[in-house]
Amino acid sequence: MRLVIPELVNRETPVRGARLRRLLAVARHEPANLLGLALALLFVWLILAPVISVLLDAVVVQSGDSVRAQAMEGNLTPYYLLRTLSSRMSALLLWTPLINTLLVALNVVAGSLVIGVALAWLVNRTDMAGRKGFATALIVPFMLPSWTFALAWKTLFKNRAVGGQPGWLETLGIQTPDWLAYGYFPIVVILIIHYTPLVILIVGNALNRIDIQLEDCARVLGASRQTIAWRIVVPLVRPALLSAALLIFADGIGEFAIPYILGLPVHFDTLSTGLYRALSSRQTGVAAVIATVIMLMGTLTLLLDMRMLREARRFVTVGGKGGGMDRRRRLGRWRFAASGVALAYLLTGVAIPLLALFLSTVMKLPGRFSADNFTADFWIGHNLDTVALHTGILITPAFWLAVGNTLVIVGSAALVAGVLGLLVGYAATRGSVSGLNGFLRQITFLPYLVPGIAFAAAMLSLFAVAHGPLPALYGTPLLLVIALIAEKMPYASRSGIAAMTQLGREPEEAARVAGAGWLTRLRRIVIPIQAAPLATGILLPFISGIKGVSLFVILAIPATDVLTTYSLRLIDYNYEQAANAVVLMIALISWAGTVLIQRISGTGLAEGLEN
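Residue numbers (the numbering used here): 7 to 617.
Hints may contain errors.
What the hints assert, rightly or not - Cβ-Cβ distance ranges computed for the label pairs, FRET-style:
#	residue 1	residue 2	range
1	V368	A522	43 to 53 angstroms
2	V601	L400	17 to 27 angstroms
3	A504	R288	36 to 46 angstroms
Hints were generated in silico from the structure; no laboratory data involved.
The beta-carbon is built from N, C-alpha and C at its ideal position, and this holds for glycine as well.
Work out the full structure: start from the sequences and follow the hints.
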């Protein structure tokens, strides 16, 4: 054996050297490989390093904790794990918020599925009146910031338990109990309203993809509608149901704004608000443990979802729509009753919240509908009788500073993310190193596996202090831009990859033969052809960033306020009319941006419905 081992090493070394030289030659021949390598290194720094940093914070002594941890700063310690998981404070720090989070998430999943499946079936499988109009309108609640509904709920049901102005019902003489005004019940109801459109979209698409010939054959053989539903439709839709459930659960466990607005007044903590409390009280190590728990829950849930989607692809129905029978059920005299169900959801999820918010911004006192109580002061008024807000928001410098910060920070991040997403798509589809291509796809998807509040904690962990030549970035707009670029890469990269997959190599090959260099081909051929996907890849992060809260509430300071954090500060000051006005502006921008995306991409929310 002693004679064989050196011989094997000598044989393998030239082979490895030749393989490395071959890879370098391929990289020089195809610039997409070098681009992919540069992007991979960039995303390791932007995405992977913050996640590793927050994981390390959970087991390394933080500044100021040397005495409590009985170890020098920077040394490994189990102190934060023990304090969070098994100390006398663990129930307050982790276990109670964890139970609350699970209860909220599971009930939101159940409620969203029940309502969403019913509405998806009505829109896609019946002849209900106004079906196509409802197909688009029912998705509107998902376009709006989730905390729009929380502020509307607070406007209607708030009581004097936390001081400030009363809600409308209390002004009208109707006493609202704490369980109705704050805490678990309103959080669950509002999140169900917000996530139901996601179920409608996912399940509706699944219903439309089912081959109608399967149902036609079953009808010809004498199967009843109930048998067809339970033996054919439900099994084929089950993957979509499970996918919707897992996506809602993963997103729900990281939801911050609604528990912040409706949970904190009655000390109803979830993991996200618990993480916010820990960071606010400078318990960095404890915050890292909570962030790790949130990341693990989100990652496991979404990995399970991806596994189930791969399994679902094994079951494909034969193509063809079939033309013998109509796939929609005739409701007869119940057509308008079905429309009433959809209309009731729209009233609850769109009309009433937005109307309540708007009316609250033009009322001096809540819930009083006399003519002398209406005013435009909270929009354009002067010399308001408030301590920190002397003018209406439209003429308040702080509001326009927040608007400017939002446009600069979110706009810059969205532009960079969109361009990077297209470059990722180019490198991943044109590169010849399969391992590098796969790594690019996975690392740019990683932020989607980490709930926003936990990802914000990860960015704070890495960039709040100086690291070598890199200065501390906390409190600067640059940190917000970097964090937002990283968080929105899943949207931008998937848009870029999808676009480049559909673009053949022929135009570039023709330009290469004509002598055009790589940058020329990219600038003169790829980008012009992919202008619409590039615009979508920019607008998606922009709209998502406009209404985002979790990232900014951790990383922003008053000098870098964006619209979302500015409105939350107004809520903290009990300036509810002004806060509601800001939220309406955010909702308007979100809706307009969503419509713009549809026009640019040439798709609509009702796409796929048959005539």
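**OP:** For V601 and L400, compare the CB-CB distance with the range 17 to 27 angstroms and indicate the outcome.
**Re:** Holds - the Cβ-Cβ distance for V601 and L400, about 23 angstroms, lies within 17 to 27 angstroms.
Original post:
Is the gap between the beta carbons of V368 and A522 within 43 to 53 angstroms?
Top reply: 60 angstroms, violated
**OP:** Could you tell me whether the CB distance from A504 to R288 stays inside 36 to 46 angstroms?
**Re:** At roughly 43 angstroms between Cβ atoms, R288 and A504 fall inside 36 to 46 angstroms, so the hint holds.
Of the numbered hints listed earlier, the single one contradicted by the structure is hint 1.
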